[in-house]
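Student: Residue numbers (this note's numbering), protein chains in the order written: chain H, 827 to 1322; chain X, 827 to 1322.
These aren't lab readings, by the way, just hints derived from the structure by calculation. As the structure is a prediction and not an experimental result, all values here were calculated from the model. Hints are supplied without guarantee of correctness; some may be wrong.
[Stated by the list, open to error] Which residues of chain X face chain H? A partial, calculated answer using Cβ under 7 Å: (1) S859; (2) C864; (3) R868; (4) A920; (5) I921; (6) K924; (7) G925; (8) A949; (9) E983.
[To be verified] Examples of chain X residues lying across from chain H (beta carbon under 10 Å, computed): (10) A856; (11) A916; (12) S946; (13) A966; (14) P1115.
Glycine included, C-beta positions come from ideal geometry on N, C-alpha and C.
2 protein chains.
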Amino acid sequence: MAEDKKSPLPKRSEDFSAWYNEIVSRAELAEHSPVRGCMVIRPNGYGIWELMQQALDRMFKETGHQNAYFPLFIPLSFIAKEAKHVEGFAPELAIVTKGGGKDLEEPLVVRPTSETIIYSMYAKWVQSYRDLPILMNQWANVVRWEMRTRLFLRTMEFLWQEGHTAHETEQEAEEETLRMLGVYRTFMEQYLAMPVLTGLKTESERFAGALRTYSAEALMQDNKALQNGTSHNLGQNFAKVFGLQFQGRSGELEYAWNTSWGVSTRMVGGLIMTHSDDDGLVTPPRVAPLELVIVPIFKSDAEQRTVMEAAEAVFRELKAAGVRVKLDDRDSLSPGAKFFDWETKGVPLRMELGPKDVQNNSVVIVPRISLDSEEPAKPGRKQKLFIARAELAGRVRSLLEQLQTQLFENAMARREANSYRGVTDYGEMKTLVDRDAGFVYAGWCGSAECEATVKEETKATIRVIPFPEFQSATRPSHCIVCGTSSKHEVVWAKAY
Amino acid sequence: MAEDKKSPLPKRSEDFSAWYNEIVSRAELAEHSPVRGCMVIRPNGYGIWELMQQALDRMFKETGHQNAYFPLFIPLSFIAKEAKHVEGFAPELAIVTKGGGKDLEEPLVVRPTSETIIYSMYAKWVQSYRDLPILMNQWANVVRWEMRTRLFLRTMEFLWQEGHTAHETEQEAEEETLRMLGVYRTFMEQYLAMPVLTGLKTESERFAGALRTYSAEALMQDNKALQNGTSHNLGQNFAKVFGLQFQGRSGELEYAWNTSWGVSTRMVGGLIMTHSDDDGLVTPPRVAPLELVIVPIFKSDAEQRTVMEAAEAVFRELKAAGVRVKLDDRDSLSPGAKFFDWETKGVPLRMELGPKDVQNNSVVIVPRISLDSEEPAKPGRKQKLFIARAELAGRVRSLLEQLQTQLFENAMARREANSYRGVTDYGEMKTLVDRDAGFVYAGWCGSAECEATVKEETKATIRVIPFPEFQSATRPSHCIVCGTSSKHEVVWAKAY
Chain H
827 MAEDKKSPLP KRSEDFSAWY NEIVSRAELA EHSPVRGCMV IRPNGYGIWE LMQQALDRMF
887 KETGHQNAYF PLFIPLSFIA KEAKHVEGFA PELAIVTKGG GKDLEEPLVV RPTSETIIYS
947 MYAKWVQSYR DLPILMNQWA NVVRWEMRTR LFLRTMEFLW QEGHTAHETE QEAEEETLRM
1007 LGVYRTFMEQ YLAMPVLTGL KTESERFAGA LRTYSAEALM QDNKALQNGT SHNLGQNFAK
1067 VFGLQFQGRS GELEYAWNTS WGVSTRMVGG LIMTHSDDDG LVTPPRVAPL ELVIVPIFKS
1127 DAEQRTVMEA AEAVFRELKA AGVRVKLDDR DSLSPGAKFF DWETKGVPLR MELGPKDVQN
1187 NSVVIVPRIS LDSEEPAKPG RKQKLFIARA ELAGRVRSLL EQLQTQLFEN AMARREANSY
1247 RGVTDYGEMK TLVDRDAGFV YAGWCGSAEC EATVKEETKA TIRVIPFPEF QSATRPSHCI
1307 VCGTSSKHEV VWAKAY
Chain X
827 MAEDKKSPLP KRSEDFSAWY NEIVSRAELA EHSPVRGCMV IRPNGYGIWE LMQQALDRMF
887 KETGHQNAYF PLFIPLSFIA KEAKHVEGFA PELAIVTKGG GKDLEEPLVV RPTSETIIYS
947 MYAKWVQSYR DLPILMNQWA NVVRWEMRTR LFLRTMEFLW QEGHTAHETE QEAEEETLRM
1007 LGVYRTFMEQ YLAMPVLTGL KTESERFAGA LRTYSAEALM QDNKALQNGT SHNLGQNFAK
1067 VFGLQFQGRS GELEYAWNTS WGVSTRMVGG LIMTHSDDDG LVTPPRVAPL ELVIVPIFKS
1127 DAEQRTVMEA AEAVFRELKA AGVRVKLDDR DSLSPGAKFF DWETKGVPLR MELGPKDVQN
1187 NSVVIVPRIS LDSEEPAKPG RKQKLFIARA ELAGRVRSLL EQLQTQLFEN AMARREANSY
1247 RGVTDYGEMK TLVDRDAGFV YAGWCGSAEC EATVKEETKA TIRVIPFPEF QSATRPSHCI
1307 VCGTSSKHEV VWAKAY
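Only chain H is shown next, with the shape it has when bound in the complex:
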């Protein structure tokens, strides 16, 4: 087991999919379970998810939301109430038919999403406009029957949060929908170091039961898009079938306006495919369970005493400074093997500490990726930073921030290099999609037919109708497919 971990990873450029699977496995992030399609999230992977949760949870609370918890089981009849909803989810349901040794009178669905059960409860809690808005979120597991699963990216059971809100007016619901998409974008940029395109989904890509779906889309290193989070304006669709009514300001009974929004453990997969390299996982410091690992280096017993004493002092100092730090004191591995191990596992900073460093009152830090802001590495070597002990805590904090920023800039530069604007020729677009070139911006007449044609002929889909800040300076005039007048500039790509 130790041996095969030392063979090189498959290269991204040669087999992206094998590379991804190996990183998930070697960094001990997750594993398939005995139940087909369900994954086991191991501590290294769960630690990333916990840091994501903490940041998002704080952001949700700052925007006025409270957490609650709704049941895992939903009566089958509830799912069936909203016509589009059941059409979308029926093929993916896991159904409990037996409980306590008996056949159930009404089968129970294991929640694939919780709109139906949640709005049926809101209907009991809301009487008047004074009871609105309701702003709730739940952290939960959901199940969608999937046959072709990939760890984190597409699994039968996954962990997520689902926000569910109820509002007095359509405008408030729309504002909430956009506010939460904005929270997602901020989180993805600032914590995951992932640039995302935000915008509106077309009707064919809409959430089952929504009026409008907005999405945050990221570009992976294989130039496929990943839908990283969605926010839905549900209109009054669910309010009408679950009787979510309130006495309005005029005294009349009105239906509430709902929104829902969610992100999931899929983001861990997106994180891997955005930042990692042929040496293994790369984790942005803000979601790295370990930010720095100390590797002591010594030969003699005397050296060991000196080095370990210094290593422990450094460990305590950094821990006190709030750094997530580990001292790797395993005696079964050489320093080189430890370097390899922590590189594979994506720890942002590695500290090497030997007898000379102790003597010089300094340490060596090797960042997981090269930092443009620091002295460049010697050709063919890794960047090594020599840091005086007196400046340690401050420099580590600053290096972590630089690394966070650098990852975002690298990802942004890559996305921009793989974005094609002003494409007007369908043949050119086909070629671009065919060679997995990235995001293709082009005009679209707005018809489902043209959208379907492209999907059928190229496998690319419209990822979003981008928000104004992402639109090209010159808006396309014609639909790239049919050549009629363009209604929207849209972004095409193949997607996970």
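For chain H, the structure is supplied; the task is to place chain X on it using the hints.
Tutor: The following block gives chain X in isolation, referenced to the frame of chain H:
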């Protein structure tokens, strides 16, 4: 709806069960869902659970545990592998038989607990004694089919944590089992302000598949016991059926020793039944989502401006000091109605702030329960504390601590007043149990027959064989049932 909330609660002394249900409902902690037996945990209840989670999670990590996540679904054949385990859980299983529109070849159990799936994974991860111990925990939902449910106390789905560890030796496993029971006791005493008796469960009360089960038992205000958390030494039972083996120090293959331990949302029910009173919920500050609420009092517009300005300044000051504080600025309710509302909802401290207080540079604080350490209340009135603005943040922090301590002391005094030691006559014990007197300490010969006789005749069960620190100074010499020599002093009570 507003109206019926103002009627008095049922009294504990008259109908404890109705009192409990009304508190859960009026404090908006939880509610029944459309799925029989499944509850909706509303934000006020979930907020308590979140604070419990945060404290426990920190304690688990401080004792070396990492979080992970294992699948919701378990193959039915896994549950069946450990004979006692399946015997215990078979009647309570919810079973998925359909997925993705098809009948499943092997039905999937919705996890009632995760020993089987987790140890089957550990078996893949452990090769040598160097891979041990494994110290993991998961926060998850579990399902046990229940027909007679009570919100928080007994529900079909509940939220919990389950720790699962694997060790090289029996002794290490036993130490872990006791360490985590100790963590639970510390948590329950320091955060929930609940005194608990800890000790060993008898064989008949053991977890299905365990070698030994230890428990933390609390006494509710109706003098029934609540099992508030358990820790199990599983021996090698699961290791043997799932092939969890490792190469030991001698080079031989050995089976690992496992432990598991869990606490759940049931603790929220225990919290209610320990501290609350006929005015509503009482929450220990350390797990109170809101620690202090500010109720501004004014008549004229001029007064309103003065008071609201001061109230907002106080709010900001306390928030900056880390107090979980809310300013109740609802204009639809009178101050009296707000007092009633927050009392029902169990907020530890209420601040009343009127024009005179602003003038005097002081505030009035009314603690949810009387504090022995402060000036007593006037007869028939609530305790009112006058606090200078300059001392506010420090005094609030100190009052919260006093309230936390006072709740623990009150609960401890109540438990001790309702504990009966040195009971040697079975008739006396029957009388005590019959009038719900509390914990009865008595001798037991160790036979399952005597235990069963008492259960049948009185409905009392042996809650624990208490640890030495809880044992009576004089140990009983004879079994209270059969009169033969006593093997253990045990604690009897009726239980939830």
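Student: Each hint: holds or not?
Tutor: Tested hints:
The restraint placing S859 (chain X) at the interface with chain H holds, with a minimum CB-CB distance near 5 Å, inside the 7 Å limit. Taken as an interface hint, C864 (chain X) checks out: its beta carbon lies about 4 Å from the nearest beta carbon of chain H, inside 7 Å. With its C-beta approaching chain H no nearer than about 6 Å, R868 (chain X) sits inside the 7 Å limit, and its interface hint holds. Among the interface hints, the one on A920 (chain X) holds; its C-beta lies about 5 Å from the nearest C-beta in chain H, closer than the 7 Å criterion.
The interface hint given for I921 (chain X) holds, since its Cβ lies 4 Å from the closest Cβ of chain H, which is under the 7 Å cut-off. A hinted interface residue such as K924 (chain X) counts as satisfied when its beta carbon comes closer than 7 Å to some beta carbon of chain H; here the least separation is about 4 Å, so the hint holds. Because the closest C-beta pair between G925 (chain X) and chain H is about 5 Å apart, less than 7 Å, the hint holds. Taken as an interface hint, A949 (chain X) does not check out: its beta carbon lies about 11 Å from the nearest beta carbon of chain H, beyond 7 Å.
Restraint check, E983 (chain X) versus chain H: the minimum CB separation of about 5 Å is within 7 Å; hint holds. Here the hint on A856 (chain X) is kept, as its CB sits about 9 Å from the closest CB of chain H, short of 10 Å. Hint on A916 (chain X) holds. Least Cβ distance to chain H is approximately 8 Å, under the 10 Å limit. Checking S946 (chain X) against chain H: minimum C-beta separation of about 6 Å stays under 10 Å; hint holds.
With 10 Å as the threshold, the beta carbon of A966 (chain X) comes within range of chain H, its nearest partner Cβ sitting at about 8 Å, so the hint holds. A hinted interface residue such as P1115 (chain X) counts as satisfied when its beta carbon comes closer than 10 Å to some beta carbon of chain H; here the least separation is about 9 Å, so the hint holds.
The structure fails to meet hint 8 from the earlier list, while all remaining hints are met.
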